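Chains as they are written, first to last, in this note's numbering: chain V, 1 to 269; chain G, 1 to 301; chain A, 1 to 284.
These aren't lab readings, by the way, just hints derived from the structure by calculation.
These figures come from a predicted structure and were not determined experimentally.
Idealized CB from N, CA, C, for every residue including glycine.
One thing to keep in mind: the hints can contain errors.
As the list claims (entries may be wrong) - Label-pair distances were calculated between CB atoms; the ranges are:
#	chain 1	residue 1	chain 2	residue 2	range
1	V	E69	A	N186	42 to 50 Å
2	A	L279	G	T210	37 to 45 Å
3	G	G241	A	L4	31 to 39 Å
4	V	E193	A	L221	25 to 33 Å
As the list claims (entries may be wrong) - According to the in silico footprint, chain G covers these stretches of chain A (three or more CB under 8 Å from chain G):
#	segment
5	16 to 30
6	42 to 53
7	156 to 169
8	244 to 255
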Amino acid sequence: MYPHTHHQPDQPILDVQHLSVNYDGRVALEDITFHLHTGERVAVVGPNGAGKSTLFKVVSGVLPPTSGEVKISGNGPRGHICIAYVPQRSQVDWRFPASVADVVMMGRIGQVGFFRWPRRSDWDTVHAALEAVGMDPMENRQIGELSGGQQQRTFLARALAQEAELVLMDEPLNGLDTPSQEAILALLDKLREQKITVMVATHDLGQAASHFDRVMLLNHRLVRFGVPQDVLTSENLLRAYGGHAQLIKVADGTTALADSCCDGEDEHE
Amino acid sequence: MFRKVILLMIMLLPLSVSSCSGGTPAAPDGKLKVLATNSIVGDVVNLVGAGNIDLTVLMPVGTDPHDYQPRPQDAAEVTVAQIIFASGAGLETFLQPLLESTGTKATLVEVSAGITLLPLPGSNQSTGDPHTWMNPNNVIIWAENIAAALSAADPAHTADYQMNATAYTTSLRDLDAWIRSKVAQIPLQNRLLVTDHAVLGYFAEQYGFTQEGTITGSFSSDAAPSAQELAALEDKIRQMGVKAVFVSEAVNQTLADQIASDTGIKAVWIYHATLTAPEGPAPSYLDFMRYNVNAIVGALK
Amino acid sequence: MNNLFNILLKPFSYDFMLRGLVASVIVGVVCAVVGVYVVLRGMAFFGDALAHAVLPGVALGYLIGGSSRDTLFWWALGAAVLMALAVGRISKHAQIREDTAIGIMFASMFALGIALISTVRSYSVDLSHFLFGNVLGVSTRDLVLTSVFGGVVLVTIFLFYKEFLVMSFDPVLAATLRLPSGLLNNILLVLMALTVSVAMQTVGVALMVAMLVTPAATASLLTRRLWHGMVVSAVIGAFSAVTGLYLSYYFNIVSGSAIVLTATTIFLLVFLFQPHRGLVWKKR
Numbered sequence: 001m002y003p004h005t006h007h008q009p010d011q012p013i014l015d016v017q018h019l020s021v022n023y024d025g026r027v028a029l030e031d032i033t034f035h036l037h038t039g040e041r042v043a044v045v046g047p048n049g050a051g052k053s054t055l056f057k058v059v060s061g062v063l064p065p066t067s068g069e070v071k072i073s074g075n076g077p078r079g080h081i082c083i084a085y086v087p088q089r090s091q092v093d094w095r096f097p098a099s100v101a102d103v104v105m106m107g108r109i110g111q112v113g114f115f116r117w118p119r120r121s122d123w124d125t126v127h128a129a130l131e132a133v134g135m136d137p138m139e140n141r142q143i144g145e146l147s148g149g150q151q152q153r154t155f156l157a158r159a160l161a162q163e164a165e166l167v168l169m170d171e172p173l174n175g176l177d178t179p180s181q182e183a184i185l186a187l188l189d190k191l192r193e194q195k196i197t198v199m200v201a202t203h204d205l206g207q208a209a210s211h212f213d214r215v216m217l218l219n220h221r222l223v224r225f226g227v228p229q230d231v232l233t234s235e236n237l238l239r240a241y242g243g244h245a246q247l248i249k250v251a252d253g254t255t256a257l258a259d260s261c262c263d264g265e266d267e268h269e
Numbered sequence: 001m002f003r004k005v006i007l008l009m010i011m012l013l014p015l016s017v018s019s020c021s022g023g024t025p026a027a028p029d030g031k032l033k034v035l036a037t038n039s040i041v042g043d044v045v046n047l048v049g050a051g052n053i054d055l056t057v058l059m060p061v062g063t064d065p066h067d068y069q070p071r072p073q074d075a076a077e078v079t080v081a082q083i084i085f086a087s088g089a090g091l092e093t094f095l096q097p098l099l100e101s102t103g104t105k106a107t108l109v110e111v112s113a114g115i116t117l118l119p120l121p122g123s124n125q126s127t128g129d130p131h132t133w134m135n136p137n138n139v140i141i142w143a144e145n146i147a148a149a150l151s152a153a154d155p156a157h158t159a160d161y162q163m164n165a166t167a168y169t170t171s172l173r174d175l176d177a178w179i180r181s182k183v184a185q186i187p188l189q190n191r192l193l194v195t196d197h198a199v200l201g202y203f204a205e206q207y208g209f210t211q212e213g214t215i216t217g218s219f220s221s222d223a224a225p226s227a228q229e230l231a232a233l234e235d236k237i238r239q240m241g242v243k244a245v246f247v248s249e250a251v252n253q254t255l256a257d258q259i260a261s262d263t264g265i266k267a268v269w270i271y272h273a274t275l276t277a278p279e280g281p282a283p284s285y286l287d288f289m290r291y292n293v294n295a296i297v298g299a300l301k
Numbered sequence: 001m002n003n004l005f006n007i008l009l010k011p012f013s014y015d016f017m018l019r020g021l022v023a024s025v026i027v028g029v030v031c032a033v034v035g036v037y038v039v040l041r042g043m044a045f046f047g048d049a050l051a052h053a054v055l056p057g058v059a060l061g062y063l064i065g066g067s068s069r070d071t072l073f074w075w076a077l078g079a080a081v082l083m084a085l086a087v088g089r090i091s092k093h094a095q096i097r098e099d100t101a102i103g104i105m106f107a108s109m110f111a112l113g114i115a116l117i118s119t120v121r122s123y124s125v126d127l128s129h130f131l132f133g134n135v136l137g138v139s140t141r142d143l144v145l146t147s148v149f150g151g152v153v154l155v156t157i158f159l160f161y162k163e164f165l166v167m168s169f170d171p172v173l174a175a176t177l178r179l180p181s182g183l184l185n186n187i188l189l190v191l192m193a194l195t196v197s198v199a200m201q202t203v204g205v206a207l208m209v210a211m212l213v214t215p216a217a218t219a220s221l222l223t224r225r226l227w228h229g230m231v232v233s234a235v236i237g238a239f240s241a242v243t244g245l246y247l248s249y250y251f252n253i254v255s256g257s258a259i260v261l262t263a264t265t266i267f268l269l270v271f272l273f274q275p276h277r278g279l280v281w282k283k284r
């Protein structure tokens, strides 16, 4: 059904070359180049409107690039269904009549195929995914009845059920209390065990520094991409955030930065 | 681009569709300008007025007067007319508002004036049955009313109008006699009329029929029957041994067809408030009645 | 007990009632199932517009092909499909918002229909019955058309259930799973057009949107999963159809309205009295 493009073995899982995205006359992303290795855990940080969601949507094949190239394991994104996009919780219709299990199974319909029904093995995968994130006791709850952390874990389970190899999470830690955030971050360890590559958009620079292999600092352009101590310098941060500031502790001392966080970031439809 | 094309098309459509047909005012040659509402009235007016009037008929052949909506051209016709002949008795409900809105100086003559209206069967309507022309004897009164009105407006030709009216009356009496002889072929127990709406009251009363029921349960074509009314009608058809249901241009024929096929009777077409085109079977009132009577007799014999 | 049996069976000793019953149950079920998507995706206005946009098609059909119900059905269907796809297309080039695009198409198609009809001047009641519904005049042939197209709609929804589910819940997921979203969306629009054409004969234009929206809205109050909603909606739709016909028979009301009023009453009862969430309990 969907030609699941064969993954070329020696290619990086994600290779982005000179990617630019314009829409509505605005420049969302400009000349982005980077690549990711399998199993890496990358944080994507930057101010509101920096283009984080846009980047994720182009990588997952939802949006076409204006120029430049995106390659997933050596091929363009269109042929793959192994890329999972975990949406911001504010973008989800929580009143939709679906249970937790329903949502997780939705991730699998690419594998199920047209005109067929989920088989025993599909349900097994769904249950395994729910178990992995600790949501199996709540599998029959309607999604609107869940807490923020539970909602996030449900979508993560969906990515697992999708058998995704690249998971893009759009601000999953927003609005969660610390224990819930820690729970999500712990789940990312599980993903790493399964060699799943993860990109997480976040506003929390401290977490970016402490829980991620590499950090991408984005503000329409790629300001810096590398290990946290190289990226999260005051010079880079000021370049990216402009007049904003947030308080973080980094290797060379405390730098104060404030950021107008959170709601309604990239409003691309 | 696509969007612009759609918008442009939408704006141009009304222009392309508006028709510009309709009566052009006749050359002023001294003839009385007369407007008749429907083709039946028009036919009788034409026979009485003949060459001395300039006649226009408002509703084209095939139109149902019960829910007729007048158009701007109609307003123009109403304004230039000197006399307007309407069937009256509540048939042309659109007419009064039209007269008022145009403020026309035309004289309105209801040709059914002076006819005792029959009550509508089974209803508590205050209005009577407007289908007076179903009894040719009523049309005699029509002719008299028309002759009187034309004479009042155009005294010079009074003699012509009277003569034409008298001649037509003779034809109508002949028609009446002919109908009686045809109707005599129907056995008494078959003289049961079921129609789509209450059309044949005057015919029934004059020639000894009973209106057993109507599909719409109404004198007007607008109504829709409920299941109870339809069931009651079918019961009656079966109980009384009705042999046919008569339908006309007014009411949707599909309902009548279903009833007919369910009860095993025939659905027969009659004309009710309009004549046909000249090449059709009912181009004049006399033909209209003959066609209908033949249809009725043929179905019920 | 015997008496109750009689009351239930008596109306259906008439063939027209039996045909009307089958037709309105089919229509009730199909509208209710499609209506679940209408309610979920906020397409009630679109559904109403679609029903009205059928008018020029029907008028053209009458002008060209005469007044048989078959002809009118096919022309209505053609107009509905055209309008559905046109709205789908226009709202993609979204410099006009979707409901504005719908409003424009709706009004202009309806006006076009009236203009066409006025050129005929003798259209009258054939078309008005088609537009206001005439469930008691359903012929056996009509029933065949209704069943076939109603069946097509239900089967299609069944076959594409999971794809429509994903498209409605999370279009981004649909894109990452490489679902042919444009095509699927058009299929859904065409299904709506089919439903509208089939349902016109039973309840007519004015009441159509009620049959699309009301049972589905009631079901959304009672269920929490999509396919449960469809089943409950279908049951309510069928029940409304049957009860409406009984009411028409025993209380002498026009059938289309009776069906819609039944559906609405059920909605109100559920809205007021549903366990825990009903308005009645909340006020205490």
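So, going through the hints one by one against the coordinates:
For E69 (chain V) and N186 (chain A), the Cβ-Cβ distance of about 31 Å falls outside the hinted range of 42 to 50 Å, so the restraint is violated. The hinted range of 37 to 45 Å is not satisfied by L279 (chain A) and T210 (chain G), whose Cβ atoms lie roughly 55 Å apart. Separation of G241 (chain G) from L4 (chain A) is about 33 Å and conforms to the stated range, judged on CB atoms against 31 to 39 Å. One distance hint, 25 to 33 Å for the beta-carbon pair E193 (chain V) and L221 (chain A), is violated here, with the actual separation near 44 Å.
For the segment 16 to 30 of chain A, the assignment as covered by chain G holds, since 4 residues bring a beta-carbon within under 8 Å of that chain's beta-carbons and 3 suffice. Interface restraint, the segment 42 to 53 of chain A with chain G: violated (0 residues with C-beta to C-beta distance below 8 Å; minimum three). Three residues within the 8 Å Cβ limit are the bar, and the segment 156 to 169 of chain A against chain G gives 0, so the coverage statement is violated. Evaluation of the coverage hint for the segment 244 to 255 of chain A: fulfilled, as 9 residues show C-beta separations to chain G shorter than 8 Å, against a requirement of three.
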